[in-house]
Amino acid sequence: MKEKNEVWQGTLAIMVLRTLDVLGPQHGYGIACRIEQISQDLLSVNHGTLYPVLLKLEQEGSITSEWGVSENNRRARFYRLTRAGKKALQAEKLHWEQTTEIIARFLALESGSE
Amino acid sequence: MKTLRRAWNRFAGSLVGQRREADLAEELESHIRMLTEENVRRGMSAVEARRAALVTFGGVEATKESYRDQRGLPAFAALRRDIRYALRGMRRNPVFTAVAVLCLALGIGANTAIFSLFNAVMLRSLPVSHPEQLVFFHYVHPDGDLSAVRRLSSGYGNTSLPYATYEAFRDHARMLAGVFVFVSSGTEGNGLTVDIGGRPLTADGEMVTGEYFSLLGLTPVCGRAIADSDLTAGSPNVAVISHRFWLREFGGETSAVGRSVTVNGVPFSIIGVAPPEFSGLHGTVPDLWFPLRPMPALRPWGSRAASNESAFADRRYWWCAIGGRLKPGVTRSQLLSETQYLFRQSITAGLDKVPPNLPTLAVSDASPVFELLRRQFSVPLRILMITAALVLLIACANVATLLVARAKSRQKEIGVRLAIGASRARIIGQLLTESVLLSLCGGALGLLFALWGGSVLLRLIIGTRHTTPLNVSPDVTVLAFAAVVSLATGVLFGLAPAYRSARTDLARQLTEVASSTTPRRGLTRTLVASQVALSVVLLFGAGLFLRTFRNLDAQKLGFERQNLLLFEVDPERSGYSGARGIALHNQLLERIQRLPGVRSVTFSQVALLSGDRNTSPGATDRGALTPPGQPDEVYYNRVGPRFFETMGMRVLLGRGVTSHDTQTGHPTAVVNQSWARAYFPNENPIGHRISVGQKFIPQQAYEIVGVAEDAKYHEMRGAPPRTVYISYGATWERTRRMCFAVRAAVAQGALAASVSDAIRDVDPNLPLFNVRTQRQQIEQALGQERMLAHLSSFFGALAVLLVAIGIYGTLSYAVTQRTGEIGIRMALGARRMAVVWMILRESLLVAGIGLVAGLPVALAFSRLAASTLFGVTAYDRATIAATVIILCATAAVSGFLPANRASRVDPIRALRHE
Chain U
8 MKEKNEVWQG TLAIMVLRTL DVLGPQHGYG IACRIEQISQ DLLSVNHGTL YPVLLKLEQE
68 GSITSEWGVS ENNRRARFYR LTRAGKKALQ AEKLHWEQTT EIIARFLALE SGSE
Chain S
145 MKTLRRAWNR FAGSLVGQRR EADLAEELES HIRMLTEENV RRGMSAVEAR RAALVTFGGV
205 EATKESYRDQ RGLPAFAALR RDIRYALRGM RRNPVFTAVA VLCLALGIGA NTAIFSLFNA
265 VMLRSLPVSH PEQLVFFHYV HPDGDLSAVR RLSSGYGNTS LPYATYEAFR DHARMLAGVF
325 VFVSSGTEGN GLTVDIGGRP LTADGEMVTG EYFSLLGLTP VCGRAIADSD LTAGSPNVAV
385 ISHRFWLREF GGETSAVGRS VTVNGVPFSI IGVAPPEFSG LHGTVPDLWF PLRPMPALRP
445 WGSRAASNES AFADRRYWWC AIGGRLKPGV TRSQLLSETQ YLFRQSITAG LDKVPPNLPT
505 LAVSDASPVF ELLRRQFSVP LRILMITAAL VLLIACANVA TLLVARAKSR QKEIGVRLAI
565 GASRARIIGQ LLTESVLLSL CGGALGLLFA LWGGSVLLRL IIGTRHTTPL NVSPDVTVLA
625 FAAVVSLATG VLFGLAPAYR SARTDLARQL TEVASSTTPR RGLTRTLVAS QVALSVVLLF
685 GAGLFLRTFR NLDAQKLGFE RQNLLLFEVD PERSGYSGAR GIALHNQLLE RIQRLPGVRS
745 VTFSQVALLS GDRNTSPGAT DRGALTPPGQ PDEVYYNRVG PRFFETMGMR VLLGRGVTSH
805 DTQTGHPTAV VNQSWARAYF PNENPIGHRI SVGQKFIPQQ AYEIVGVAED AKYHEMRGAP
865 PRTVYISYGA TWERTRRMCF AVRAAVAQGA LAASVSDAIR DVDPNLPLFN VRTQRQQIEQ
925 ALGQERMLAH LSSFFGALAV LLVAIGIYGT LSYAVTQRTG EIGIRMALGA RRMAVVWMIL
985 RESLLVAGIG LVAGLPVALA FSRLAASTLF GVTAYDRATI AATVIILCAT AAVSGFLPAN
1045 RASRVDPIRA LRHE
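Line by line, the protein sequences are chains U and S.
With this note's numbering as the guide, the letters of the first sequence map in order to residues 8 to 121.
With this note's numbering as the guide, the letters of the second sequence map in order to residues 145 to 1058.
Keep in mind the hints are simulated off the structure, nothing from the lab.
Hints may contain errors.
Below are the EDC-like pairs computed for lysine to aspartate or glutamate, each with C-alpha atoms no more than 16 angstroms apart in a straight line [what the hints assert, rightly or not]:
1. S:K146 with U:E67
2. S:K471 with S:E397
3. S:K700 with S:E853
4. S:K700 with S:E923
5. S:K208 with S:E170
6. U:K94 with U:D28
7. U:K94 with U:E73
8. S:K146 with U:E99
9. S:K146 with U:E65
These numbers come from a predicted model, not from an experiment.
Build the full structure now, drawing on both the sequences and the hints.
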């Protein structure tokens, strides 16, 4: 149970960071909607699982938060990427690309005859 | 870096309060509202929209829980909850808590007290800078004759070396950062007469070289320390005083520096005060330090030098205790090889040929006194530590049984918690938290016991007469020990009950009404039986030590110990010498004899049973008594007139020493039975003459005038040695320190005061010291045995009490559990006695098992301690019998009360009790 959660938290973290990178400061609802939108409903997660991930990122120093006013004049907490977060995002991006490259090679091997 | 940051934030998060909670709730609510609005926009009704929003969001409480887990440290939060819950539980059961904490406090406190003693004797090092770099020199000599290189009359034992060796080390030892000499002035408690403004008192002194204070890293509290410049001939007489002396005699005033005091008649000026925690490198604690240069008045090196100028130059006179500091990086063995050569050079320089069998130098790190103390107390300390550990184990077993009993009443609660979803590990963790908390409370209380008891213990062991360099005040080591023992104890007694509780069968627990079957009692039985077994060991040991002490104390000593007052005077320090000194002693005798209430008075060189002794080779007109090279077997004691009458020793043949002998200087001697049997078997030794020393010297011989009954000399154990009592007053005698013994007609409290006045009448500048009674002297001699007897009895009684509590507690509980069963039996016709016997049988059975298990262990332990016993063997049958009887009686009595209660059960009420 625990393992799945950790892997899940990892991928969710990248999605959150990238979302904030592209959209700029957002509140929790906005991030959740964006993730749903980008993944084109291949991913259907409970919005609640976002919050522990947001807290973890904040504890690590990749994002910061403050209270603000949303589009509908509603009080909401906005999250923003920090410089350290940007660097972390770059590192994660590199890591993912390398990982997928390696796995792709292995998977490509299977269909060959050697 | 990231993990560090996250860890810090999580730690901070665990301490956060309510504000963050409110923020989170608000944030989640706003998210859900936005979802709801979106749903409304899509066309759902308000209620449906909210419901769909909640579904999309997921569980709000679950989210909050995950968030909280991420925010704080879940384990830490759980621990805090456990501790709060445990504290509430402790408050709800005050009696249980009080009994458990008290048991633990006694066990842990006893262990901590004894450990602080152990720490002070064995583990602590000297309060100087870098004590691990200090080294002390002594020599080792093979059997044989050292007279070619060392005078017989020099120094103390093997820690004294010639001054030339110090010079050699100082000038040529490259591996030493520095070297110093320290020499005691006189011996314990009566070294010097110090006169401060007309008031004489006794003090101990030490003569040291200039590097002593600087090498040890001691900075004076005020004034300065002794330096090299003070050692040159002709420089003024200066002294440094100890902190304790400064507080006692000068009230801690800084004006003490510069004041003048008279030491043994010679004026000295005080130049500084030593730091408070330093108490010397010897067993005796110096009150004053002097520069090491020829100062005969200070009587360094105990015995006499031919002339004290020559003590510095005479290579054969060995009187200096030498210590030094290693250069960093040098090992002791490296140092030894360098200094061995220097030592050899220094003792053989100037000799025509090098004699064989030279002594060899040895280097040690602990100062000589700690060695002595450690050797002396190592065995009793270990015995005590084992005893204390056993008591703690018994206390643990006791608390464990209490916990098991209490756990049974909590089965429902634990069942419910398991049903809700707690893991067994969490339950065990929580129960362990409770037991560790109990034992930490017990440990804190026990530490208080130990603080108070530690100094009492030290005084019991060392005795009140001697000052000691030991310091039992608790330091970090002792506190750490107490903490570790508390924790370990908590886990030890908590684990078994916790494990048992968590292993419950859920279904049975929640559905069962009342159990009419007898509950499993294996664990409790084992615990109580092990308590009994441990108590057997303790009681048996206590019995042996008590009997040893009684046997020693009840021995016939050969003299009368009651109503005998002892004190010492040392006229030489007040300027007396030769015949004047001898006359003084006789004057004092006369004066004291005239005091009302005094039956008789005498003096002797060595006080009986003080541990001091005087042995020497001897020779009669028939030849030497002991062949040369063999150890001296003859003990001597210089005594004054009426010695035998005052001490209560019987003279079997001839007469004792009279004042006629001492005053006319006609030397006489009285020998004891053992001596007469050894050297004049089947003959009368009276009329023969004896002299002290290897060869018979007619001009310095004593005429044997009597044979006395055997009496103890210096120790309580062992047979009386062959003793010769020689009269003091011969013309070749010098003024000596003497111990006076005053036999009072009845016990008198004010005798010491009137004696002191009498002495002041004779000479106001003559202090008397070491005032005590013979009985106190004997108590001192038996100090260790008495301590062992008292402490082991205390622990034994404690063990019996704990066992009684344990048996009573478990049986009471069992009776409560079995009320239903007992009711049925009685309803069916069982008689009261049968019920009583049924319950009592339990307790006797458990006690029996414990006895059978414990006796072999007890006997094994007593074998180990056999060397400390006296008058009892390690397998003493009477003691075994006593132990068995005491424990059986305890089991019977403590079992009888619950058994009695069981028999009074009203069958009808019992059956309804279900």
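Task: Violated constraints from the hint list, given by number and in increasing order - done: 2 and 7
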